[in-house]
Amino acid sequence: MIKHDVVIVGSGLAGMRAALEMCKDLDVAILSKVYPSRSHSGAAQGGIAAALGNSEPDSWEEHLYDTVKGGDFLNDQDAVEEYVKAAPDVIYELEHFGCVFSRTPDGKIAQRSFGGHSKPRACFSADRTGHTILHALHEQLLKHSKSIKIYSEWYMHSLILDGDRCNGVVVSDIRTGAVEVMQARAVIFATGGYGRVFNITSNAFAGTADGVMAAFRAGIPLEDAEFVQYHPSGLYRQGILFSEAARGEGGYLLNGEGDRFMEQYAPARMELAPRDIVARAAQSEMDAGRGVDGKDIIHLDLRHLGEARIMERLPQIRQLGIDFIGVDCVKDPLPIQPTAHYSMGGIPTDKTGHVITDEQGTRVNGFFAAGECACVSVHGANRLGTNSLLDAVVFGELAGRSALAYVNTVGHAKVNESHEKTKVLEQFENIFQQNGSESYNDIRDEMKTVMTENCGVFRDEDRLKVCIDTIQKLRERYERGKVTDKGKVFNSEIYEIIELGNMLGMAEIIATAALARQESRGGHFRTDYPKRDDENFLKHSLTYPKDGELEIKYKPVVITKHQPAERTY
Amino acid sequence: MKFALFTGCVAKGATRELMLSTTRAAEGLGIEFVEMKSAACCGAGVLSEKTPLVADALNARTFAIAEEQELDVVTICSTCQGVLKKTECHIDSDPGYKKKINHLLEEGGHQYTGGKIKVKHFANILSTEEGLNLLREKVKRPLAGLKAAAFYGCYVLRPSELSLYEDSDNPTGLEQIFEILGATPVYYDSRTKCCGFPIVMMNKETSHDMAGNALIDAIESGADCVVTGCPLCHLSLDSYQPEIEKMNKKGYSVPILHLPQLVALALGYSPQELEMDKHIVSTARLDKILEG
Amino acid sequence: MATFRIKRYNPEKQPEPYYEEFQLDIPQGATLLDCMNQIKWTLDGSFTYRMSCRSAICGSCAVKANGHALLACQRQASHLVKNGDTIVLEPLGNMKPIKDLVVDFKPFWDKIDKIKPYLQPKTRAPEKERLQSPEQFKRIDDSSTCIMCGSCYSDCNVLEVNDKFLGPAALAKAQRFVEDSRDGKTHERVKELSKPGGIWDCTHCAECVERCPKPARPFDRIKEVMTVALEERVTNNTGARHAISFTKSIKSSGRLNENTLPVESVGYFNVKGLFDLLPVGLRMLFKGKIPPILHKSIDDVDDVKRIFMEADKE
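Protein chains in written order, with our numbering: chain A, 110 to 678; chain B, 521 to 812; chain C, -1 to 312.
Wrong hints could be hidden among the right ones.
Here's a subset of chain C near chain B, in silico, CB distances under 10 angstroms, partners left out [as the list claims (entries may be wrong)]:
hint : residue
1    : 65
2    : 80
3    : 83
4    : 158
5    : 162
6    : 198
7    : 200
8    : 222
9    : 228
10   : 229
11   : 230
12   : 241
13   : 257
14   : 297
15   : 309
Just so you know, the hints here were simulated from the structure itself, not pulled from any lab data.
Just so you know, even glycine gets a beta-carbon here, dropped at the ideal spot from N, CA and C.
The following block holds chain A by itself, in its conformation from the complex:
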């Protein structure tokens, strides 16, 4: 049995920031199924929000309001307030760590405009902000390598809960296939999102719901799972991201007729309306046959920015276009379509990062979550661009601080090693032994397709029912899958199969929560209930496992400063 004070699962911004918060006092382990520097936080491009006021006067109050309005008033405002107030110091700290930021002429951190933010608030490093922050934190991790043990290419299978207390995780070393119990006084999940359940997504192959489903299987509900953000500018068919910064720098969105169609949908903010609104507008244009060449394509036009500006501010975007579709955005518009991008929902936590299980805020002792896998909720029904990197760093730090305080009050609890280990070994054995005929690849493809088609930008009761029904059938077929590789060394196939199991579970939860929410709010749009319904649905959903079925409950939204109002841009 491996033993540490704290085990952090996931090594993106949230996980690494949490590790740094504790490493001076505790023996910390950080586990990643890739290498820390390969975490998906690095794919974030446009920026990280904070009201620094480096290019225009700004305040946390405005950041708060923009975030709440962007979230369609489903955000817990007490948490948002702490979060936006913490933002400036968090950015300064990153800068002090050595993070490489683009600069204003007077040497301050440069800031640009972003969708839904009323001020230029996005601190950035050209168009690779996530990458530079990820590497700055990775550098700090290496600096503190004496007290932080990095487990690269280890996979987390399950959470060890004993009543209301978390005592560790069961993991395996991908390179050797060895299953180990990791005993810990506290566990922090920073496992990211689950965009891979969709066909068109900006997410990495690693975004497969491992963390949230491990929590769910342990009996913890998932909050606001129906809220998935579709980013307006995914590369046509591939779904990989072209940053909103492209619009922040002044890029246009054009339909097949060459019109800046956002004029019809958000005349005041145009292309810089929040993502849910822009994605819906784009999807509506395509559905109405006004896509480019009649296809599901919208044009992102940057030509008027000029080569110099593009090379200074958006060099990566340009290269991605050239490499992936042979389009140079200096000369031609980029073909884009909405892409599943971010999960507003996740493991419910309070504003200190503690995982909670119900409306009363009952804590799971020793279990914390931060970043995209968690739902605090600061993003409500729709996250604003650049708020996610901030979320990861702010709540990574808070979760680390909370875990540190908690660990100082408890010792290691007893763990039944062989019992915990056997459960995971049996899962491996079951897959190896099942000798079925179903192709896991087909199952994965069908899941992704049905989710994008029926649980995407626009949803309705019929489509969601088709979706749930299909997923349930896929889950049955999953039990009869056919595995090729039965080896132990770096068996990536078996891990993909386990991940698929997680995704099927998650897909059903998303669709079920979406079916229950009979209103339209933020990223969740029901064509059969096209209006927001504050009377009945100004509340967070909590989806629980119950006897193999799903049970949905709700909890109220914390409203402090801003009463829900009509949302226009």
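Guided by the hints, dock chains B and C onto chain A, whose structure is given.
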């Protein structure tokens, strides 16, 4: 054809046989070379370690002189070729930098305009259609039976945006020339690799290992000789071959030829006229092959 | 129909690697990674490689295609089809294979660790951000694009024969701190980097520049570190002496003095080094290859001297 010849330092020093054979090859082909006697050393990518600005200024000065002569520049050293191209690319893509450089040149009476002249390696000239036709026409003694392994030299290949070869990972320019000369090209992995020369002072073992691996690769691929367009590669592969043999406890004795030597041989010059006896590794075995 | 000729290796099954061919129709617009996934998901589930972001930012999917390292997600497969219809896939070089295209990155990361890859600030943290001008940012902009994919490490010509070399990725990472205006350890860093295995062991082959999928271009960064090392007067090593002697020679004559360069590079007081030069020197002397003892200047050398002086003033 008339060019401004940028000889580089080594062809005037440790590999004077390169200079001589270049003159002979040009003579045999009827190409006129006007030696750039006032051009400074290209810096070999070493001067720019100390002072990148001066390195670029001296190369810009060389271009300016060629512009004044209204002649394209031809190089006979892969390193010179790559280093000159790098300066050209840097200055041409940055108007502010060009201004700064020209400011430095001004008092000497030179100004670099850009876009007026081209910089090409001798091999680049010969491997064009025109060059190959000229070779075909002038070959007097086809090198039948000779298996020649090209060794390009890093600087004419990488970075590829500065290379004149279409596919710098799989260049064919030298091999095309070999074929026209009647020799059989030998393709082997190391032909685009580094000879190790730049670190021969700093890390002898590593340098010799790199050269040794290339030699072994060429030999195992059946080469009778290695032909290079770079005098620095020649030093590494020829002058240091005894050290490499000693290190690897093996005798190789692979003759290393300069490209102009191979060309001039096919044009009918004798090995003596090309000072092949100046090489450290004897080229005698080639005589036998060529005599058939 | 394209043929993917893949180097397979599975130590659990057989100790030696072997090549296996797969036939696949390359879908329009498919990246190499898309094709690898098709092979894994429809033809052979045991085919093993790393991947994650598929947008050229995580650095997971670097492999060798047709003999050279690249990011599989970044290249259109159709562009890689050569010699009729075949793409050859192999694991990255200079690292030990674990299974199929997965290699052991440990030496790579160990070397990153060695260069102290974190900011060592010059000043105590101010209340807000440390100021850094856009020009100062530009000095570290390119090196900070490195995604640690290992492509440069794989194809580095020096690492092929000398595993002590820190390698292009670590040295490029070093530049990111050496030239960071906020870092206070510039001198200590370049001193460390000037030791054997460091910057002066780079052989200028530019393979790393060619393989780098980002603007990081390690060799360019290595040269920047060399320049800083010389500015910082860290000159008690062959590489630095070589650059200084080279410069001196051009400054005085417009061309390289091949007779003084080796001697000045190893150092006048380095008896063993000088002794080592003897065999090759004698050999060349015997063959009449020693450059003229009376070193001749280029025509108009005064103009060259003037340029050096003018540039010094700047």
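request  = Have a go at the residue 65 of chain C hint: is there a Cβ in chain B nearer than 10 angstroms to its own Cβ?
outcome  = The hint holds - residue 65 of chain C has a Cβ within 10 angstroms of chain B, the shortest such distance being about 7 angstroms.
Residue 257 of chain C as chain B interface residue, shortest Cβ-Cβ below 10 angstroms = At about 8 angstroms, which falls below the 10 angstroms cut-off, the nearest Cβ of chain B leaves the hint on residue 257 of chain C intact, so it holds.
request  = So, residue 229 of chain C near chain B? Judge it on the closest CB pair being under 10 angstroms.
outcome  = holds, 9 angstroms
inquiry  = Hint residue 162 of chain C vs chain B: min CB-CB distance below 10 angstroms?
reply    = At about 9 angstroms, which falls below the 10 angstroms cut-off, the nearest Cβ of chain B leaves the hint on residue 162 of chain C intact, so it holds.
inquiry  = The hint names residue 297 of chain C as touching chain B; please verify it with the least Cβ-Cβ distance against 10 angstroms.
reply    = Holds, about 4 angstroms.
key: chain B contact restraint for residue 222 of chain C - C-beta distance below 10 angstroms   = Check passed: Cβ of residue 222 of chain C comes within 9 angstroms of chain B, closer than 10 angstroms.
message = Just to be careful: measuring from the Cβ of residue 198 of chain C to every Cβ in chain B, is the smallest value less than 10 angstroms?
response = holds, 5 angstroms
request  = Return the status of the interface hint for residue 241 of chain C: holds when the least beta-carbon distance to chain B is below 10 angstroms, violated otherwise.
outcome  = Constraint on residue 241 of chain C satisfied, holds at 4 angstroms.
inquiry  = Holds or violated: the hint that residue 228 of chain C contacts chain B, with Cβ atoms closer than 10 angstroms.
reply    = Because about 5 angstroms separates residue 228 of chain C from the closest Cβ in chain B, which is inside the 10 angstroms limit, the hint holds.
inquiry  = Tell me if the interface restraint on residue 83 of chain C is satisfied: Cβ within less than 10 angstroms of some Cβ in chain B.
reply    = violated, 16 angstroms
request  = Hold the hint about residue 309 of chain C up to the distance rule: shortest CB distance to chain B must be less than 10 angstroms.
outcome  = This hint holds: residue 309 of chain C lies near chain B, its Cβ roughly 5 angstroms from the closest one there, short of 10 angstroms.
Evaluation of the interface hint that places residue 158 of chain C against chain B, nearest CB under 10 angstroms = holds, 7 angstroms
When each numbered hint is compared with the structure, violations occur for hints 3 and 11.
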